[in-house]
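S.K.: Given the coordinates of chain E, assemble chain G onto it according to the supplied hints.
Chains as they are written, first to last, in the numbering used here: chain E, 1 to 148; chain G, 1 to 177.
It should be emphasised that the hints constitute simulated quantities derived from the structure, not laboratory data.
Take the hints with a grain of salt, since some may be wrong.
[Claimed, not checked] Covered by chain E, according to a simulated footprint, are these stretches of chain G (three or more residues, beta-carbon under 8 Å):
| no. | stretch |
| --- | --- |
| 1 | 56-63 |
| 2 | 86-92 |
| 3 | 138-148 |
| 4 | 152-160 |
Remember, it's a predicted structure, so these values are computed and weren't measured experimentally.
Yeah, the Cβ is synthetic: ideal placement off N, Cα and C, and Gly gets one too.
As a plain string of letters, each chain reads:
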Amino acid sequence: MVKGFQFLQREINTLYFTSDLDNWPSDVPLPPETVMSGAGADVLPPFWKFELNADKTLEIVSAWFLIPLNLEAGYAWFSEALTQQGWHEVKKVHFPPPTIRCSYHHREYGRQRRLEVHLFLNPHNEEVRVMIWRLIEHLYTSPTHEIA
Amino acid sequence: MKLTYTLQPSFPYHWLYGLIIAFALMMSLYFIGLNLPLAEARLGTGTPNYVRQTATHLSKLNGGVSVGGFPGFEPPKDDKDYQEKIKNRSYTAQDVNDWVREINNYLQQIIKQNPNMTLKQILIQLGLTAEQIDDFVENLQLVYIIIEPMAKFRLVNPVTFETYKEVLSILGVPAPW
Numbered sequence: 001m002v003k004g005f006q007f008l009q010r011e012i013n014t015l016y017f018t019s020d021l022d023n024w025p026s027d028v029p030l031p032p033e034t035v036m037s038g039a040g041a042d043v044l045p046p047f048w049k050f051e052l053n054a055d056k057t058l059e060i061v062s063a064w065f066l067i068p069l070n071l072e073a074g075y076a077w078f079s080e081a082l083t084q085q086g087w088h089e090v091k092k093v094h095f096p097p098p099t100i101r102c103s104y105h106h107r108e109y110g111r112q113r114r115l116e117v118h119l120f121l122n123p124h125n126e127e128v129r130v131m132i133w134r135l136i137e138h139l140y141t142s143p144t145h146e147i148a
Numbered sequence: 001m002k003l004t005y006t007l008q009p010s011f012p013y014h015w016l017y018g019l020i021i022a023f024a025l026m027m028s029l030y031f032i033g034l035n036l037p038l039a040e041a042r043l044g045t046g047t048p049n050y051v052r053q054t055a056t057h058l059s060k061l062n063g064g065v066s067v068g069g070f071p072g073f074e075p076p077k078d079d080k081d082y083q084e085k086i087k088n089r090s091y092t093a094q095d096v097n098d099w100v101r102e103i104n105n106y107l108q109q110i111i112k113q114n115p116n117m118t119l120k121q122i123l124i125q126l127g128l129t130a131e132q133i134d135d136f137v138e139n140l141q142l143v144y145i146i147i148e149p150m151a152k153f154r155l156v157n158p159v160t161f162e163t164y165k166e167v168l169s170i171l172g173v174p175a176p177w
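Pulled out of the complex, with its shape left as it was, chain E reads as follows (with noise of 0.2 Å):
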């Protein structure tokens, strides 16, 4: 097992890990001082899928983070740090009361690098949860079909 993963569950053609944030994907920055939140009272640790598929494996990963930034600066820094990542937003959708989100694809792979970021402002303490989702197509050809 790889260090920091944390098993949960397999079904038949998929495995369910956690990690701690050490293993956070380096590209998808997050900006200093951002801690694990949930989508509601409980915090969970980033969460990990592998689905592996006759053609190709999915690899996802997806995690809520409490970040010290309001909602625009925090839109402005993920815009900023996932682009230098090699990310470029492909669809931004902003909806009222305070919503930001994005969906990005990697200039190199195409959609078979895809990332959503949605900012969510709470006006009441103007807080800022962030949901991320990272999905990799890793592409596979056995080597039995390669043989052959």
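M.R.: Then chain G, alone, in the frame of chain E:
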């Protein structure tokens, strides 16, 4: 005499035409009164209510925001705890369990009342704009992302999550992104 003869046989048909026109007028007034498009008449019984209830429960999981153009969820004004829970997103895993189970029930009713229709087709019939439909679908996908880890951590009943996955699949809602 001749005049009476020609009028008498057609007399009952005037009544019938009158009834048909009156019925059509009543139906038009009913739908206009509900502020619903006439096309909605093709949807199964209770569908507008089930869709609205689904939006309300999705809203609970997302800080009380409006979902798909439906009004956001407002807890009773005299229930401070409930207001805090929604506004500060301090809901518990048990709340998630309960709310998603409710969403499952409403979505199952939508499926039952509208067999072979996708959620998108139903929302179009209800008169939602393309943007509102996207918002509705993205909120359903967001809930998928919220509850999947919770189910694997056993905070949410795995059966609730599996049911949720199944109803989304039947309604043609794609897995998150």
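S.K.: What are the numbers of the hints that this structure violates, sorted from low to high?
M.R.: none
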